[in-house]
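Residue numbers (the working numbering), protein chains in the order written: chain P, 1 to 424; chain U, 1 to 537.
Treat each hint with caution, since some may be false.
Derived DSBU-like pairs: lysine-lysine, alpha-carbon spacing no greater than 30 Å straight-line [to be verified]:
(1) P:K88 to U:K513
(2) U:K82 to P:K281
(3) U:K82 to P:K329
These are calculated hints, taken from the structure and not from any lab test.
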Amino acid sequence: MPPRSKSGLIREDSAYHSFCGLACVGWLYQKIQDSFFLILGTHTCAHLLQNVLGVMVFARPRFAVALIEEGDLSRPQPDLQPLLDEIKANHQPSVIFLLSSCTPEVMKVEFQGLADALSTPELPVLFVPASGLDYTFSQAEDSVLQSLVPFCPTAPADDKRVVFLGSVNDMIADDFAAEAERLGIPVGGFLPAGRFNALPAIGPGTVIAPLQPYLAKVATRLNRERGATVLSSLFPFGPDGTRAFWEDLAAMFDKQVDLSAREAAAWERLREHTDLLRGKKVFFTADNLMELPLARFLRSAGCQVIECSSPYINRRFHARELAALEGVKIVEQPNFDRQLRDIAEVQPDLVISTMATTNPLIGQGVVAKWSTEFAFMPIHGWAGVNTLAGMFTQSLRRHAQLPPLDDPDWTAGFMPGVIPLETN
Amino acid sequence: MRLAYWMYEGTAHHGVGRIANSLRGVHAVFHAPQGDDYVNPIFTMLERSPDFPQMTTSLVSGRDLAQGTIQLPETLRQVEAKLHPELIVICASCSTTLLQEDLEQVADSAEIATEVLVYDANPYRMQETTAADGLFTTLVQRYARSQPLTRQPSVNLLGPASLGFHVRSDMIALRRMLAALGVEVNVVAPWGANLADLSRLPAAWVTLAPYRELGTEAARLLETQFGTPALLDAPIGVKPTQAWLERLVALLNEVGARNNGPAIRMPRLTAFSLDGMSAPSGVPWFARTADMESFSRKRAFAFGDATHTVGVIKFLRDELGMEIAGAGTYLKNQADWMRAQLADYLPNDLLVTDQFQEVANRIEQDMPDLVCGTQMERHSCRKLEVPCMVIAPPTHIENHLLGFYPFLGFAGADVIADRVYTTTKLGLEKHLIDLFGDAGLEYADEASGTEGHAANNGNGKEDAAVAVGGTTAQQPASTTPASDQLEWSPEAQAMLKKVPFFVRRKAQRNTEKFAQEHGYTTITPDVLRAAKEEIGG
Chain P
1 MPPRSKSGLI REDSAYHSFC GLACVGWLYQ KIQDSFFLIL GTHTCAHLLQ NVLGVMVFAR
61 PRFAVALIEE GDLSRPQPDL QPLLDEIKAN HQPSVIFLLS SCTPEVMKVE FQGLADALST
121 PELPVLFVPA SGLDYTFSQA EDSVLQSLVP FCPTAPADDK RVVFLGSVND MIADDFAAEA
181 ERLGIPVGGF LPAGRFNALP AIGPGTVIAP LQPYLAKVAT RLNRERGATV LSSLFPFGPD
241 GTRAFWEDLA AMFDKQVDLS AREAAAWERL REHTDLLRGK KVFFTADNLM ELPLARFLRS
301 AGCQVIECSS PYINRRFHAR ELAALEGVKI VEQPNFDRQL RDIAEVQPDL VISTMATTNP
361 LIGQGVVAKW STEFAFMPIH GWAGVNTLAG MFTQSLRRHA QLPPLDDPDW TAGFMPGVIP
421 LETN
Chain U
1 MRLAYWMYEG TAHHGVGRIA NSLRGVHAVF HAPQGDDYVN PIFTMLERSP DFPQMTTSLV
61 SGRDLAQGTI QLPETLRQVE AKLHPELIVI CASCSTTLLQ EDLEQVADSA EIATEVLVYD
121 ANPYRMQETT AADGLFTTLV QRYARSQPLT RQPSVNLLGP ASLGFHVRSD MIALRRMLAA
181 LGVEVNVVAP WGANLADLSR LPAAWVTLAP YRELGTEAAR LLETQFGTPA LLDAPIGVKP
241 TQAWLERLVA LLNEVGARNN GPAIRMPRLT AFSLDGMSAP SGVPWFARTA DMESFSRKRA
301 FAFGDATHTV GVIKFLRDEL GMEIAGAGTY LKNQADWMRA QLADYLPNDL LVTDQFQEVA
361 NRIEQDMPDL VCGTQMERHS CRKLEVPCMV IAPPTHIENH LLGFYPFLGF AGADVIADRV
421 YTTTKLGLEK HLIDLFGDAG LEYADEASGT EGHAANNGNG KEDAAVAVGG TTAQQPASTT
481 PASDQLEWSP EAQAMLKKVP FFVRRKAQRN TEKFAQEHGY TTITPDVLRA AKEEIGG
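So that you can see chain P by itself, here it is in the shape it has in the complex (with noise of 0.2 Å):
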């Protein structure tokens, strides 16, 4: 029996399959348009980015890796400056992440040093830890938003305005500006910002407003650091996420704000998709953690969620999607091969899971869905509950909609390890 702890929470081994912190930067560097991602690592690092990225077309990508080749592992402290300079020259960035990676950090190089020998008041270089021996898939922006912390100007403590954190695109920001002004919040700004030089004032009157669920530890430091309040909320996914994280909100600017109706009314418009949920089994086997909230909505929704996995659970930082997933089976860092065995006793009726995982599932029969999709989709807030439902409808419908796969041989050839033996 894998332990249990005094939460409710199973942690496991970590055996499931995602991607390292490095992912990040496919919508960091867009997010913040003036900056440049540097990763000191190796060829596969390289590989990986094109590999996770390759479906976009970059004529000048704003990201790159300095690459460590053989004659570059006996030096201990890689020599990043001519490059710099090449970047600087090529793409005038305001600021540079330096990013680390598996290899640097079995080398031991000393990344924070490194940063700051490079850094000059000009050209900030700041280290963001984002290795694969630590860090998956989304968690790393939480060390991107943290090497950011020093540059967010202090606000006054009488400063009273509420900060977003996480990166969302355009479109969610002003939603979430205008919602807030709506209801009488006032509105610091967003971390990250879409520039380096217009990140958020954050002082003792700031309240931070977690956007996305994968940023606890940049939220503990702006609390530690900064004296700001780190609202506890549920995160604004579906109609129950969103009424609570904007009552929750209101109630720190002493405001009371009755918002049942708006979310009886998503809801209402949502009945083509809840009519369809109701009662389906989910799983969601763990990626780019966000699995907790989306768990909740679609609980919310009706649905019988069978097993929430994530990567990284924070009891505190996610204390209120924990309570509401009360009863469900929520495991950290799971087994995969366990998963799968769970699966095919319990057959759900979709599972939430990752690209290298989803094929494959659906293969063996299984209605499976992409979970790196819904970190590329707007399904933030009130504008983004129809998006949010609808992508999981969608699969549901799109598997009944077509003829069931009858025959093994459908598949035959597509994968050279397991073509029958007769045809060889």
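Since the structure of chain P is already known, use the hints to place chain U on it.
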């Protein structure tokens, strides 16, 4: 140390994964941090694997490093218990290689019954291709057993592997030709072979290894150790395919004569067609049609792996009558062979580099009419507005299509010719536009303003327009000449706009080069005319 953006080859452990995933009953275990598991979705997404790829990452975490723990023995036990493979191949990653652990000893400590091979794929000394070929050769060496030849004439087909370029279609094309000759396939490997198949390799009369990158070494090994003649040519193009068939028949008949086996006779050409009664390839007639006259002046540049780059360059010149602007490869260890193969074809040195920017610069200097390249060149050519078709890995998901698109054999010649034809600008149509201008086609210019945004939308759709080539979806053309030192007078700009849009960039570049060489700082209509006269338009 250098800045790397995109890579041509994958890593060594990716090469190991490709071999393990090709074979039946073989499983790769990567002793690596979780991030190295990213190779797994390359298989499930590009190849759309309906089952789990035959590779497992045995996790190494920061805590393991700090505490000196190692998961590998437990992973090996789990893989054995769950999958029962015949062989487990263990390989380290770029970071764990540095730990200098004795993985043989660690594997022994797992005390499993399954055979284990620790493959030393040093990621700082080898990349995907070398690692894959090296592992495959090692396995052939390890399992091939001396045995009598098959009674009927038979061949091994070595080289097709998981994530190989168009290999499924190539195998179909080769199997069909072999069937037309009445030759049996003894073993295909690594694609779909198990260890018993590898042991049966020496039963074949002849080994075919059409890909320089994978299988050639194993074929040579079978030749030296078991006397199985190896045919190492790639049948790319019509004449090379005919020569390949003739050589194959000769080799089989030599073996047959020594062993009192049946003789093979070359059937008539139509026997190799899909319906058994037509030309096996349309290329010889197609290349002679009037339509193709204009292709004889088109200049092509090719960059990729060794097999496809050499095959395509020869095909473009020898069978479509095109001019060759140059060629290159990212496979440094194949460069000598390629130089020898292309000695009579290239007007300049073979470009050997693994940096895509150098290839893009070369294309920008040459501005050929057609580029045959990899996914990287397709990206570069999109920016440069040069027609490009993909002939070699690395690939994009769009290169993994469902239809029958071989590159080898007679059917392959048709596929390549079709792609050349639909990718490049057409002949008569181009004459018309050259003569009368592109009135009515100016919409292409208006579209240019959106190019930058389209590039960032991330859905890959904008690529589709490029993939179908220049004949239908016209590339957005920049109308505003831009250069650091040079200025274009409004009159010259207006004149430049009269140049057909698909050669406008080239004309602009040529004119600016001419102006710089002759010391002009402003380009006037006179300078433009002078440049046109000197360069020839």
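Quick rundown of the hints versus the structure:
Of the supplied pair hints, the one linking P:K88 and U:K513 holds, its CA atoms being roughly 27 Å apart against a limit of 30 Å. Only pairs whose Cα atoms come within 30 Å are accepted, and U:K82 paired with P:K281 is accepted, the gap being roughly 26 Å. Proximity of U:K82 to P:K329 is assessed by CA-CA distance (about 24 Å); at most 30 Å being required, the pair is judged to hold.
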